[in-house]
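S.K.: Numbered per this note's numbering, the sequence shown spans residues 1 to 209.
Mixed in with the good hints, there may be bad ones.
[As the list claims (entries may be wrong)] Here are the computed lysine-lysine pairs in the DSBU-like style, where the Cα-Cα straight-line distance is at most 30 angstroms:
no.	residue 1	residue 2
1	Lys117	Lys162
2	Lys117	Lys196
3	Lys117	Lys130
4	Lys130	Lys82
5	Lys27	Lys118
6	Lys158	Lys192
[Said to hold, decoys possible] Label pairs and their computed distance ranges (CB to CB):
no.	residue 1	residue 2	range
7	Ser35	Pro143	41 to 51 angstroms
8	Gly100	Val133	44 to 54 angstroms
9	Val46	Ser96	32 to 42 angstroms
10	Lys196	Ser78	43 to 53 angstroms
Hints are computed from structural coordinates only; laboratory data are not their basis.
Glycine included, C-beta positions come from ideal geometry on N, C-alpha and C.
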Amino acid sequence: MKLSTGFLLRAGASLTLALVLHAQQIKITSISAISARGEIPLESSVGTSQAKGSNPLKAGFGVASSTMLVELPGDQSSVRLKAGDVQGFLIHSENSWSDGTLAGFAPTEALRLLVVKKGKARQYVTMDVKTTVVYTRNKESSPLLTVDVSQYDDHTAKITPKVLPLLPGEYAFMSILDEVHEDTNQRYQTSKVNLKNLGRYRMYCFAIE
1 MKLSTGFLLR
11 AGASLTLALV
21 LHAQQIKITS
31 ISAISARGEI
41 PLESSVGTSQ
51 AKGSNPLKAG
61 FGVASSTMLV
71 ELPGDQSSVR
81 LKAGDVQGFL
91 IHSENSWSDG
101 TLAGFAPTEA
111 LRLLVVKKGK
121 ARQYVTMDVK
131 TTVVYTRNKE
141 SSPLLTVDVS
151 QYDDHTAKIT
161 PKVLPLLPGE
171 YAFMSILDEV
181 HEDTNQRYQT
191 SKVNLKNLGR
201 YRMYCFAIE
């Protein structure tokens, strides 16, 4: 069955919305790397959520593509770490394990390898699908790392990648529960969707060298 570009974009947006509504009371204060030198705070940045689709000409020939991503300013993080130094990560939150609000939350802080093109913005790609009349394929251009999650203290979750050391590259945790709202001078509210700005979210970034 052929999936339309519009369907895939709506599906991606619906998934993000569902995750936000599921745990909208969660608040992160910081994310840091665990190393032999102690905790190293990750770069806190604001990314812009975007959706991209194939041009109408390609779609007319039975080929469609859909991409959901968060774009980060700059092509590299200011936090540079050595692969052998990183033992895991700590997600600090105003929520707690004891009241049940932190349990099951940490996995939504997804750690991904970023797509980087020299001199351009970093991209945290959550969906990159190509569809033809015979198949649908996810390119996995920004792979999600497999991790173990455990309690560190009452307000902190420990994230440990299942395979260490991490490979060289740019990485980021996305906090879909920490949307950054901007002041606006618009007189009226609008239901118009801007695919180049579907929301701005707090990201926690680092690089492995």
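S.K.: Looking at the structure, which of the earlier hints fail to hold?
M.R.: 4, 5, 6, 7, 9, 10
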